[in-house]
Structures are given as C-alpha cells and as structure tokens.
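Engineer: Chains as they are written, first to last, in my numbering: chain W, 9 to 206; chain A, 9 to 206.
Source of the hints: derived by calculation from the structure; they are not laboratory data. Since no wrong hints were added, every one of them can be taken at face value.
Since the list can't tell identical chains apart, any single copy or any two copies may satisfy a pair.
Below, a list of computed lysine-lysine pairs in the DSS-like style, where the Cα atoms sit at most 27 Å apart:
#, residue 1, residue 2
1, Lys140, Lys40
2, Lys46, Lys68
3, Lys38, Lys140
4, Lys40, Lys68
5, Lys107, Lys148
6, Lys106, Lys148
7, Lys148, Lys38
8, Lys140, Lys46
9, Lys140, Lys68
10, Lys68, Lys38
There are 2 protein chains.
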Amino acid sequence: MPNTATLNRKSAERAARQELILQGALTVFKEKGLEGAKIDEIARVSGFGKATLYYYFTSKEEIFSALLLHGWLSLWRELEEIAVGGDSPRATFISMLKKIAELVNTDRPLYEFLFQAPQSYTREENERSEWKAYQNRLYKVLMELIEQGIQLGEFPQMEPRLIMKAMGGLFHGLVFLGKDRDTITENEIEEMLGNLLG
Amino acid sequence: MPNTATLNRKSAERAARQELILQGALTVFKEKGLEGAKIDEIARVSGFGKATLYYYFTSKEEIFSALLLHGWLSLWRELEEIAVGGDSPRATFISMLKKIAELVNTDRPLYEFLFQAPQSYTREENERSEWKAYQNRLYKVLMELIEQGIQLGEFPQMEPRLIMKAMGGLFHGLVFLGKDRDTITENEIEEMLGNLLG
DNA sequence: CTAATATTCGACCCGTAGTTCGAATAATCG
DNA sequence: CGATTATTCGAACTACGGGTCGAATATTAG
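Using the sequences plus the hints, can you model the full thing?
Structural biologist: Put into structure tokens, the structure is as follows:
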C-alpha cells in the first residue's frame, strides 16, 4: 500500500536522476558523437554505474533521443506562441530568431548540440523519431513565413529554401561563433538581418 | 627482372582498382557515414572481397581519408589558379563559387560528400589529416577575399565569418537543393549573390 | 613449361562496447 | 523490526565488425 506523497517524491527523484544522466550524456555526445560516445563514459561522467543507466533508459539510442526530444520540444513550445502571434511574416520571423538566440543563452551546450547533431545523425532510424517531428514543424513554420514574406515583398525575391539556408548559416554563425559573448543579440539580429534581407 | 611496360600497366591497374574501391566506399559512406559504413558492405558494393580491400588500403580510415583527400585536393588545384588571378575580391569570390558549382556538376556524389562529411567527421584524429589542410586552405582564401572585399565596400559591413557562414549556407542550398537541375548556375550565382550582397 | 610473384578471397581472430544478470545495499511499509 | 520493493553496480555475456591468415588462382618472368 504505497504512500502518495512518497510516490511523488520518488518520481521526482527519478526524473532528477534521468536529468543528470542526460546532462552527462550531452557532454559526451557533443564531444564524441552518437557512435563515438561510450556508455561507460556517459556513466562515468554522469556519476552512475553503467547498469544504472539501463535502469533509467532502455538503450543508448533512447538516451540520445530523449536528449533531442527534450531540446526540440521545449524549443518548439517557446516558439509556437510567437508563430501564431499574427505579426507580419518578417516581424514574426525576426521575433522567432530573437527568441531562439535568447534560449540558446540559457543552455548553450544543449542548443549547440541540437543544431549540430541533426544533420550528422539523421540516418534512417532517427528519421521517424519523435524529436524529428518537432524539428520539422519548426522548419516548416519558418519556411512558410519566408514564403509569405516574399509574397509581401518583405524578403528578397528568391527561392525560399535558399533564403532559409542562408538565414540558417547566418544565424548559426551569429549565435555560435562568438566564444565569449553570452549576452547576445537583440539589435544585432535586427541589424544583421537588415543587412542581408535588404 | 621486371619488364618496365608491364610494370606501368600494373600500376595503372592498381590505381584503377583503388579508384573502384573508392567509388564503392563513397556510396556507402554517403549513406551510412564513417562509423555506419561496414567494410563488408564497401567490399560488396565495390565488387571485391573484403581482404582485397586491405591489399589496396591499410584500413577503413585510410579509405575514408583517401576519398576526402582526393576530393579536396582536386578542388583546391582547380581553385588555386582563380584565387591568384588578381581580380577584385568580390569578382574573385564569385568566380570561385562559379567554379565550384561547375565542378560539382562533374561529380555530384563526391562533392555532396565533401561538403557534408567535414562537420560530421571532424573529430580529433581527422583534425590533422591531410585533406583537412586543403579544406582549411580553401576556407582561408575565401575568408581573406571577404575581408578584403569588406574593406573595399564590395561586401556588407559585417563580421566576415558571418558573411562566410551565410554564403556557405546559401551556396550549399543553391548547388545541392535542386534535385533535377544538372546545368546549374552561371548567372544564377551572380543573381543570388547580387541579391544578398547588396 | 616451371618458378616466382601478384592478386583474390572467405574463414577466422579478437577487441570493443552495448546490454543483461545477480547479488548487494538502501528505502519503505505494516 | 522483518518483509517487500526500489535502486545501484561491476562482472559477465554476446554480437558485431575491423583486421589478418593461409590457401587458391592468376599473371609474369625466364
């Protein structure tokens, strides 16, 4: 006959431990990649025995996915609101980029991983994994904003995917290039985009 | 007492077989990545026995490196001439991009691999591998052109690395997005850059 | 043709690393 | 306090895959 309060605490502790494992995993995955990361090392870094990891996760793959899902989901949650805000496409687009930059500052390692891993590790299996759905959703929203913005003359008259690519590279650079800068990018983003979006 | 003519033929055949192996390796590496690619599969795809691969290469790693070196080296060779042509930075920059687009059309799979692999597989070991040197050299030349171009007001007044990043994304998109287009990009490049470089 | 050399290859070897086991310890309940 | 359940963990298991071996075949030399 289990005690409810105790049960809650236990489940909280369980979640906290999962979080610790994910934190360690992030470190190792970032440095070594999915294949290069060894379970033993993740265990060592996160301070648990190897078998304990399997008490909280069913496989290395699941740890990896949980990490990405966690990241993309929370990112999506934050951006969703902005996306439906009803501003002009260009304004919305810029707001979203700003928000992303802001979030990046709250957990740099995580987002560096999020924006690096996808290309590298998008092989068949992952293709249909849950996190990929949120990544795609975000991608799609941004693409639609660009398309609408082009219609309205708010963006250059180019193939939308190209603008997307260019923005991607640019934004990635802006947010991740500076090693020291931790307070990024309010007007910087504006300025940069203004420069390139004409 | 070996026969000279025969020796030449042999070495040519040897090179040809290495080429075949690399071709097969490219297919598999592109699809599966460095870790995901199994030697057995490369052997099967390129039509040799597994052990034969080791008769021509000393390791999987070497096959991978040979592939990248081959690509980056030939790319560099072609671009070097243009780089020292003495045109204005912006004109030189554009010429180089044009040239790259042209080369991509001669061996799309190879260049898709070249431009995809680097980020994914730049972990310690590869860091100092030979191909990386050529990749860096090319990167450096392009960066310098951008820097000089900014001085002359031929590029937007932005952090050079950002322009580089944006150009990278943009160019990558332009060259690799269109599935069908095999004759790319002469004036297209001009137009696209004009659009974004102001 | 025969000897020597070059090439090919599947079967095997063996280290690595993901996963599981079983025992030991800690926490909770009645 | 036992008894039951939750948690931890290193040792052991096992599959996989890079790399090697030795025999077989083809090629060249003389």
